[in-house]
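Asker: From first to last, the protein sequence lines are chains A and B.
Using the numbering used here, you'd call the opening residue of the first sequence number 37 and step up by one each time.
Using the numbering used here, you'd call the opening residue of the second sequence number 1155 and step up by one each time.
Some hints could be false.
Stated by the list, open to error - If you want the ones that stay clear, here's a sample from chain A, every Cβ over 10 Å from chain B, calculated: (1) 59; (2) 78; (3) 106; (4) 113; (5) 142; (6) 199; (7) 233; (8) 262; (9) 307; (10) 313; (11) 334; (12) 384; (13) 428.
As the list claims (entries may be wrong) - Per the computed footprint, the stretches of chain A lying under chain B, defined by three or more beta-carbons under 8 Å from a beta-carbon of chain B, are: (14) 355-362; (15) 394-408.
Hints listed in this document are in silico derivations from the structure and should not be mistaken for laboratory results.
Quick caveat, the model's predicted, so the values are computed rather than measured.
Even glycine gets a Cβ: it sits at the ideal position worked out from N, Cα and C.
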Amino acid sequence: MSNVTEKSHAELAAAFNKDEPRVDWHDETLWWVRQKRDIQAHKLPEWELLRETASQIKNNVLSNLSGYLEQFEANAIKNGVVVHWAADAAEHNKIVHQLLTERGINRMVKSKSMLTEECHLNEYLKEQGLDVIDSDLGERIVQLAGEPPSHIVLPCIHKKKEEIGDIFHEHLGSAKGESDPKILTETARQHLREVFLTRRAALTGVNFAIAETGEFVICTNEGNADMGAHLAEIHIASMGLEKIIPERKHLGIFLRLLTRSATGQPITTYSSHFKKPQENKQIHIIIVDNGRSIQLGREDFRNSLKCIRCGACMNTCPVYRKSGGHSYHTAIAGPIGSILAPNLDMKKYADLPFASTLCGSCSNVCPVKIDIHDQLYKWRQVIVKEGYTPTAKTIAMKAMAITLSSPALYRSGGKMGRLVFKYAPFAVNNKLNPWYKHREMPKAPEESFGEWYNKRKEGKK
Amino acid sequence: MKVALFVPCYVDQFYPKAAIATLELLEKLGVEVHYPKNQTCCGQPMANSGYEHLTSGCNNLFIDNFSGYDYVVCPSGSCTLHIKEHLHSSENEDKALAIRKRVYELTEFLVDVLKVEHLEARFPYKVGLHNSCHGLRGLKISQMSELVAPAFSKPGQLLNMVQGLELVPLSRQDDCCGFGGTFCVVEEAVSSKMGIDRVEDHIEHGAQYITSADLSCLMHLEGILRRQNSDVKVIHVAEILNHYQP
């Protein structure tokens, strides 16, 4: 399940684009989700006010994060919950491992956690000889396929139902060639029922952690988080430290925005509140930093931590729709992933802020109003200054800057450029020019506007 | 009213007709237009590639050329937005600020400043309007489909004043064309596919011309149309607004 790769977004996207009908299908599928989101948003005249309110609540949270986290911890402890703090992914994974092994547990069921994808928990536990089963249908499908999720809300959106049928046939014994979603879902349900009944430990993510009450909320459609957590003797909840909201009354704002933005539903089927452990059972919360406090310290990028993981920016992003989630080679794909990932590893993810046309649609659908496309622009500046761009590009940019800073060089250069276009089209119309692969070069006119204007001024026009 | 015409570098070099139409249209509307002759480029190609720190030469040249006018008008949403958001100068920040406040994309200048309500123009064709992202989401010259807010379109409003012109509806009114500056070569596969899909939307709806307030998008779409040997043409919005075909 490792998603470590040496290939860039552009290379992976080019590979994805070799199958054009598949690109069309992927694009249409996600655009359909975007349209569902639009329909729901337009039903609420107060939509833009909701977004603004959510954004301001998160501003408050980010400005007072340590205080809210301490308040949350104190209240959770009062409720009988055990709270752990993890500085990074490795520490998070170790805590989970220890909680399991000290109870003699070697199998765990998991639901709704992109954070554990970010921490590569499954691989880590597997290496330790422990077995994890993802219980949400989409996550289970990609887990069986040996792939990471390609989307944070729709993890197997890149798979067609026939392909899912093949995976289920191989791993769960469904009939060969079966691709009826109802039958496949029932197959998964039967398989997971056994898992739920026999697992003593359940791990879930956290959508919202309420400082005022010490409770946390998980939003699901399938109810697997509840099923896992209620049947197991220990419930481990992993949360990024930015998941805090101050008071319970704020929850309504976010619940109204989250699923409308994500899938175009008014609300998820289940919004489950967890506050106190049942008798003879335990709840453990692991609060994970893993680079978040560094991001909080980056003034230009701190409000990326407002993200509530709805995935709306992915559904609307034309680059995501036409390149697929795996081309981002990081746990969280799409526009939001491209502003989060460079914080974790600037060199490895130097390509991601450039995997965008800066069209700005992401920022417009974001329910907490993160200025995603502006942050993509700003990451580009940081990445260049830190030296993570090819030398050839830097040389070309310097030459361009010199030419464009000088009217004389610009005039002669522009004329040369047009002459080359006109009389030596082979120089530009060849396979080494990426533009030419699918597009003709512009036709060179006889004269530039500047030249025309001078002639007109001299009365020749 | 003293107006400076800002003609972006690639328009100057490859699409002089759009600049000529802009100049003639403004003059027809009674505007005194100056063309500062030492202008080159807004600096966006470097800045969007992450090299904003190399743009001080362009910035200072821009300030030298465009200071002292009531308005700076440009037939490109993208270049206008770049100036509005990123024109700075360590030596002349006050002059940079003055220009940032006075720079207008052509259609917003016609609608918001000149308050044009009537045009002597005739263009008897079916036209698809491509909303450029920088004009749309940056300058907000039209309403954005993501927002829950009343619809409007400044270029659409002007095109509706043109006799004989029929605006065709599109399946996706403001999906990006995929040009994206250096994105078009760095991410060639995705960029081309985005352009191909945009073109298809216009063709499916019967457009004979694709127009826009941004030539960079049109240059991209034109490259695809010509590769497909399509009869559909691209044309800058200024060329339509300045057109009179009996």
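Asker: Does each hint hold? Answer for all of them.
Answerer: Hints and how they fare:
1. 59: violated (6 Å)
2. 78: violated (6 Å)
3. 106: holds (37 Å)
4. 113: Holds, because the least Cβ-Cβ distance between residue 113/A and chain B comes to about 42 Å, which exceeds 10 Å.
5. 142: holds (44 Å)
6. 199: holds (22 Å)
7. 233: Non-interface label on residue 233/A holds, nearest chain B Cβ at 44 Å vs cutoff 10 Å.
8. 262: holds (33 Å)
9. 307: holds (23 Å)
10. 313: holds (42 Å)
11. 334: holds (16 Å)
12. 384: holds (17 Å)
13. 428: Residue 428/A clear of chain B: closest Cβ-Cβ about 12 Å, beyond 10 Å.
14. 355-362: holds (count 3)
15. 394-408: holds (count 7)
Checked against the numbered hints above, the structure violates hints 1 and 2; every other hint is satisfied.
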